[in-house]
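S.K.: Listed below, chain by chain, are the residues.
Protein chains: 2
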Amino acid sequence: MLMKTIRIKALNQENFAPFGEVIEATEQCESYFINEGNCRRYHNLAKVEAKGENAKAIISIFRAKPISLPFELKMMERHPFGSQSFMPLSPSQFLVIVAKNENGKPASLQAFLANIGQGVNIDINVWHAPLCALKMETDFFVVDRDGAENNLETYDFENPYRIEK
Amino acid sequence: MLMKTIRIKALNQENFAPFGEVIEATEQCESYFINEGNCRRYHNLAKVEAKGENAKAIISIFRAKPISLPFELKMMERHPFGSQSFMPLSPSQFLVIVAKNENGKPASLQAFLANIGQGVNIDINVWHAPLCALKMETDFFVVDRDGAENNLETYDFENPYRIEK
Chain P
858 MLMKTIRIKA LNQENFAPFG EVIEATEQCE SYFINEGNCR RYHNLAKVEA
908 KGENAKAIIS IFRAKPISLP FELKMMERHP FGSQSFMPLS PSQFLVIVAK
958 NENGKPASLQ AFLANIGQGV NIDINVWHAP LCALKMETDF FVVDRDGAEN
1008 NLETYDFENP YRIEK
Chain F
858 MLMKTIRIKA LNQENFAPFG EVIEATEQCE SYFINEGNCR RYHNLAKVEA
908 KGENAKAIIS IFRAKPISLP FELKMMERHP FGSQSFMPLS PSQFLVIVAK
958 NENGKPASLQ AFLANIGQGV NIDINVWHAP LCALKMETDF FVVDRDGAEN
1008 NLETYDFENP YRIEK
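Protein chains in written order, with the working numbering: chain P, 858 to 1022; chain F, 858 to 1022.
Okay, chain P solo, but in the shape it has when bound (with noise of 0.2 Å):
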C-alpha cells in the first residue's frame, strides 16, 4: 500500500497563514492594557466566521483523547459555513494537520505541532484533520458556527497519510 509521509513541523503565524491564524500571547501581537493596568488584551487575535442562514457563533469544549505518534490519517473534514477555533484549556501541546484545496480535494498535506500556549483558528472551508490532542485526554475551547445549513463536509482518503515527527 502506498502511504505518503508527512513529517510534524512547529507551528507558528507564518507558516500556518494560509490555513487561518495561531492564537497565542506573543510580543509581536497587537496588545493593550485595560482594567487600569491590571489587565492585558493580546487584541484580535482571530476573526470568527460564521455564514448562512440563521448562522450563530457559538461555544463548545471538545473533550479529545489523544492520539499516538506516528498516526495514519484517513480522512479530512471542512466546514464551508464557518470557521473553528482550537485552543487547549490546560498547558498541552496538540497536533493541526491541514491542507489546500485542489478540484475539491485535500491536497499538499501539512502537520503542525501547536506547543504550549498556542491555538488556532481554522478558516471557513479549509481541509484539517480531526482533532488529534497528544499524551493525555485534552480540554479544548472551541469557537465554531450554528445554522441551518450542513457545515460539515469529509474526504476520506484511498490511501491514508502517515504522520510523524
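Copies of the same chain are indistinguishable here, so a pair counts whether it falls within one copy or spans any two.
Listed below are the simulated EDC-like cross-link pairs for lysine to aspartate or glutamate, each with C-alpha atoms no more than 16 Å apart in a straight line:
#1 LYS992 <-> GLU1021
#2 LYS962 <-> GLU934
#3 LYS931 <-> GLU893
#4 LYS922 <-> GLU893
In case anyone wonders, no lab produced these hints; they're calculated from the structure.
Add chain F to chain P, keeping to what the hints say.
M.R.: Leaving out everything else, chain F in the frame of chain P:
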C-alpha cells in the same frame, strides 16, 4: 464611608442564568461523540452575540494580574453591542462579579467564584466587574465583539463595594 459587602458564592448554571452562561463540560450538557468516538463535543455551551455596524466576533487573550481578597470594587462596565466570554487557559479559579441594571446603573451585585473548569459568557449589556484573576497571573481566552460603535460603558460607584469570601 458606607461600604456594602458582597459575599462570594460558588458559580453554577442556575445562579448565573440571569447574567449569561457558565461554560463547562458536565454530564448535564448536551453532548455527543464525534471523530469516531475519539472526541466528545459538549455542544453550544454559550452563544456569541455581536451587533452593530461591521460587527464581528473576535478572539483575544487577556493576561490578568490577580486581585487579592477582600477586594474593593469601584466600578463596573457593560458592553451594549456584544457578549463577552472568559475562559482560563490553565486550571484556575477566578471571580465573576455581575449586577442587575436599574435605571442605567448596576444594582443588586452578585459575586461568583468560578471553579477550575468553569468559564463564563456574559450576556450583551450585563453589568460586570473587570476580569478578576485570583492567586496568580492568568491567561483567559476571550470571545467578544469588534465593530464600529463604542461597545464600552462604565459606571463608577460613589461608595465602593467590598467583595469577600
